[in-house]
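Engineer: Each chain, written out:
2 protein chains.
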Amino acid sequence: MGVNIVKPSILPGFMELTPSNQILFNKIMDTIRSNYEKFGFLPIDTPLIEKSEVLLAKGGGETEKQIYKVVKGDTDMSLRFDLTVPLARYVAQYYSELSFPYRRYHIGKVYRGERNQKGRFREFYQADIDIIGNGSLDIVNDAEIPSVIYSTFKELGFDSFTIKINNRKLLSGFFKSLGVEDSTNILRTVDKLEKIGIDNVVKELEEQGFDSKLINAIMGFISIKGTNDEIIKNLRKLNINNEQFNEGLDELQKVVEYIRLFGVPEENFALDLTIARGLDYYTGTVYETFLNDYPGIGSVCSGGRYDDLATYYTKQKLPGVGISIGLTRLFYQLTEAGIIRSTDYSLTKVLIIPMEGYIDYAIKTASKFRNKGIFTQVYLESGKISKKFNYADKLNIPFVIVVGQEECDNNKYSFRNMKSGEQKTISLGEVIESLK
Amino acid sequence: MGVNIVKPSILPGFMELTPSNQILFNKIMDTIRSNYEKFGFLPIDTPLIEKSEVLLAKGGGETEKQIYKVVKGDTDMSLRFDLTVPLARYVAQYYSELSFPYRRYHIGKVYRGERNQKGRFREFYQADIDIIGNGSLDIVNDAEIPSVIYSTFKELGFDSFTIKINNRKLLSGFFKSLGVEDSTNILRTVDKLEKIGIDNVVKELEEQGFDSKLINAIMGFISIKGTNDEIIKNLRKLNINNEQFNEGLDELQKVVEYIRLFGVPEENFALDLTIARGLDYYTGTVYETFLNDYPGIGSVCSGGRYDDLATYYTKQKLPGVGISIGLTRLFYQLTEAGIIRSTDYSLTKVLIIPMEGYIDYAIKTASKFRNKGIFTQVYLESGKISKKFNYADKLNIPFVIVVGQEECDNNKYSFRNMKSGEQKTISLGEVIESLK
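Line order of the protein sequences matches chains A and B. Per this note's numbering: the first sequence = residues 14 to 449. Per this note's numbering: the second sequence = residues 14 to 449.
Chain A with its partners taken away, still in its complex shape (with noise of 0.2 Å):
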């Protein structure tokens, strides 16, 4: 009875992980979420697959190529592409269920099509937090999602980053003095100063058709450098007399001393009049972050400022502010760069491993240890005890204790520290102290 053997694998440019990478993987992904809850923001689970035409209500660009299609019977039937298109659809929906300021976090898998390539995924997981308002939302707003940001980064381990800033507003603003009415390629030119450089984007701005003044006065704003207050200072010297401009100045300013009341330190945010985030769904505050070490990772976690999030599925005006951190492709940077490690991770404190027919007494004293809310795993299958010490190591375990006859009739245990190779002889107690 042959039975035919297919060859396991999965689709190219999709991540899975060996066990002990999960669970760093997973160590992250708890580590944002707490934070996430730690703001008061809610947790939310959309469907993976939604109405084509709800998905692509927008329609148009890139977005509409890279789409999976999913089907099964006549509906037409779609992957969802972010969790920002799901948030609108979803605040829209539940209107009325919902208390504003809405607050939501979503942690979830999206779908892509991308082209193939390494550290490219087509299957990845966002990690969004949105502030929604009803009709308003305070700039105050804009200036806590930065500390939510610190405040997680810093607990995945980062000193050294920074939360860039900018806010629309005052780049249109400032174009539209120059007698620019549409910014949008300008800003798009811009945007990509820290990959092609400065000389690039003077050539692109030319082959758009700028002259010379108008890339001047561009580069001249734009090279604006200093402290947040220098920075603040230096635009107000401008003396643009444009409103479009003096609000998006004012927010910011605004943002800045906001900032440093919900605690983020100085040298962890910085102005910088050349962020511009492509997508031309941002209107106001404008955030990238960079570990400053890791300057080729790009940004980490990027967000901003929108004047309504869900135009395609009600009247309501609902503006917000929010940020997406690209989890997948962060985890395997960060593993790429060897910044992390999953050599040390395990969730099993310790492996109880039985001497022959010693197996009831090693069972009752993992009930013990799990009662104190150790992670307690035993080794049931018979073998040699090397072995077994073995498998604690692969699986990077801490902790070994041998349960045999003589242990048991002195209450006294061989209790290993695997990374040390330490060995003492001590009692159950002094064992559940040493793993708490």
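What the hints contain is simulated information worked out from the structure, not anything from laboratory work. Predicted, not measured: the structure shown is a model, and the values here were computed from it. Don't take each hint at face value.
[Stated by the list, open to error] In silico lysine-lysine, DSS-like type, Cα no more than 30 Å apart, as pairs:
1) A:K385 to B:K385
2) B:K397 to A:K328
3) B:K362 to A:K449
4) A:K377 to B:K267
5) A:K377 to B:K167
6) A:K40 to B:K449
7) A:K40 to B:K267
8) A:K20 to A:K167
9) A:K362 to B:K449
10) A:K208 to A:K167
11) A:K40 to A:K78
12) A:K437 to A:K362
13) B:K78 to A:K20
14) A:K131 to B:K250
15) B:K449 to A:K330
Dock chain B against the given chain A, drawing on the hints supplied.
Structural biologist: Same frame as chain A, now just chain B:
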């Protein structure tokens, strides 16, 4: 510039929750996860999309009809319909990197295009554990699985539930002793006993052409009742001379002995010879779990022992034992039956309401609270104070503190318990103590 409004809605058969229900759902999911981890199960997270040739390697049956196909480019892809097939593929694929016995838990969504009816979901969470041996797996593992079920449902707040246990070898050995070689149909029919009643089982067996002597023997066998020890004793008394029967009986006896050692109380598990499990997949121990006060809900957690996990992906023999909780369905049923209610749940412990001009102070206070691990939200919008209290009320936030001039000057804050309505004027230190 009118925008076409698309009605915000989700597909039928998909569950989506409002915030307080989502908090409750996550609480249940977290409890299941922490119990699984406590017993040394390792996390896994496989792609939701797999190659169809891999996912459907077994082929045939109901499964293939219910599959959701995914379309993007030329590859034949599908959404997973359970967590067992991806596990089989995973173990075969990473065989050399895994340590056996490999214990994994997996909590994730699966997809089945079932007929649309109340309480049936097309996207639903399964929460599985499995222990996979390399070549062999000790029967003691079959006793540990119920102890994980026990620990989990106990922590979920249930006291009166019964893990019903049987053994397929015992059943097919018994039928072989009666001259029936292929007992698949009998097992399937007997498995329906709970649903269709004894008379209909007899009728179905008659229709299948079994003679009345045989049917009487079957009915006699499945009516063996009593305490766990009595059932074992009565089965021994049958003196059946069939190797498979006696192997099954020995296993069942050993499982009963060890379940006790694992700390499962006698009232929470029961041998039940009518439990057969519909799937041909199981080869030894089988489990089903019932909430005694809500028999209508059916089994809330089922599983069993199988000879070989990954026949379709590897020649390695990988016996295993596992169970699955159908989390989405369980949540739906518990909510429908009024057994659980979401109204009490909030992650946020306290809402800080600043009086006008005291937002700065409120923000600083929030940081203090969060540093003490207290989940805190500041109400940042302007508006009437009654509206802000109402916000806390609607979100079930249990405590509110008001921050204004008087409060700051005297370090005495209005601190309200939103449930009891009790309001105290106390110092910040006292507030923190009350919240912790």
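Engineer: Run the distance test for K78 of chain B versus K20 of chain A: straight-line Cα separation, threshold 30 Å.
Structural biologist: holds, 23 Å
Engineer: Taking 30 Å as the top limit, are the C-alpha atoms of K20 of chain A and K167 of chain A close enough?
Structural biologist: violated, 43 Å
Engineer: Between K377 of chain A and K167 of chain B, does the CA-CA distance stay at or below 30 Å?
Structural biologist: Holds, at roughly 18 Å.
Engineer: Does the structure keep K40 of chain A and K267 of chain B at a Cα separation of 30 Å or less?
Structural biologist: Cα-Cα ~38 Å, so violated.
Engineer: With the threshold set at 30 Å, check whether the alpha-carbon distance from K437 of chain A to K362 of chain A stays at or below it.
Structural biologist: Holds. K437 of chain A to K362 of chain A sits at ~17 Å (cutoff 30 Å).
Engineer: Under the criterion that the straight-line Cα-Cα distance not exceed 30 Å, is the pair K385 of chain A, K385 of chain B satisfied?
Structural biologist: Holds: K385 of chain A and K385 of chain B sit about 24 Å apart, inside 30 Å.
Engineer: Is the Cα-Cα distance between K362 of chain A and K449 of chain B 30 Å or less?
Structural biologist: It holds: about 27 Å lies between the C-alpha atoms, which stays within 30 Å.
Engineer: Between K377 of chain A and K267 of chain B, does the CA-CA distance stay at or below 30 Å?
Structural biologist: holds, 16 Å
Engineer: Next pair to validate is K362 of chain B with K449 of chain A; report whether the Cα-Cα distance is within 30 Å.
Structural biologist: With a Cα-Cα distance of about 27 Å, the restraint between K362 of chain B and K449 of chain A holds, given a limit of 30 Å.
Engineer: K397 of chain B and K328 of chain A: Cα distance at most 30 Å?
Structural biologist: Given that 30 Å is the threshold and the Cα spacing comes to 25 Å, the pair holds.
Engineer: Does the alpha-carbon distance linking K40 of chain A and K78 of chain A stay inside the 30 Å limit?
Structural biologist: violated, 34 Å
Engineer: Hint check: K208 of chain A vs K167 of chain A, CA-CA at most 30 Å. Holds or violated?
Structural biologist: holds, 26 Å
In summary, the structure is inconsistent with hints 7, 8, 11, 14, 15 from the numbered list given earlier, while agreeing with the others.
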